[in-house]
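S.K.: The task is simple: from the sequences and hints, build the whole structure.
According to the working numbering, the stretch in the sequence shown is residues 219 to 375, in order.
Computed cross-link-like contacts, EDC-like style, restricted to lysine to aspartate or glutamate with a CA-CA straight-line distance of at most 20 angstroms:
(1) Lys336 to Glu291
(2) Lys373 to Glu265
(3) Lys275 to Asp230
(4) Lys234 to Glu345
(5) Lys275 to Glu224
(6) Lys336 to Asp346
(7) Lys234 to Glu265
(8) Lys304 to Glu294
(9) Lys317 to Glu277
(10) Lys328 to Asp346
(11) Lys344 to Glu231
(12) Lys344 to Asp310
(13) Lys373 to Glu231
(14) Lys271 to Asp362
(15) Lys305 to Glu224
(16) Lys336 to Asp310
(17) Lys234 to Glu277
(18) Lys366 to Glu270
(19) Lys304 to Glu291
(20) Lys344 to Glu291
Computed beta-carbon distance windows for the label pairs:
(21) Arg220 to Asp363: 32 to 38 angstroms
(22) Arg281 to Lys305: 34 to 40 angstroms
(23) Leu361 to Met219: 27 to 33 angstroms
(24) Tyr339 to Arg316: 16 to 22 angstroms
Simulated from the structure, these hints should not be mistaken for lab results. Glycine included, each C-beta is placed from N, C-alpha and C at the ideal position.
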Amino acid sequence: MRVSHEFPPVFDENSKVLILGSIPSVKSREVGFYYMHPQNRFWPVLENVFQEKIDDKKEFCLRHHIALWDTCESCEITSSSDASIKKIVPNDLSIIFRKASIRQIFTTGKKAHEIYQKYLYPIYKKEDICLSSTSPANARKTLDDLTKEYQIITKFL
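M.R.: See below:
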C-alpha cells in the first residue's frame, strides 16, 4: 500500500538535534503524531534520558530543542514493517534546515539510516548517528539499553 506522510515535522528555530524515523506506523498515522504505537519505547526512553514525565510530546520536544520527522515523504509499505518499505520519495529536510541550526541528525533504526544515507545524505552532506530502533520489533534491546544509547542526544543540545 502507498502511504504518504500526513503530519508536519516538529521543530522551531531553537531545534538543535533532528531525530528521523522511516515513516509513521499505522498507529502513528491514525493518531497523527510520532512514535504512537503503545509498545514503541521512544517516549519512555526520552523520559528516562531527560528524567521527566512527558505529558505534551510536542511541547517536550520543542522545550528540549529536539526536532522530529521522518526520512520518507511517501513509500510503499506493508502495515508498519520497515523491512517492506520500497518506492521511496524522501522528505525535503531543507524545510527544517532553513529555520533551525541543527547540530546533529539521529536516525532511529537501520531502515531510517539506510534511507537517510541513500537519499538524503547526498543532498545535505550532514552525517547521521544511527540509534537502535525503539520499535517493539527490536525486542533484543531493553529499555535500559536504549536509554543508555539515546543519552548521546544530550551532548548536542
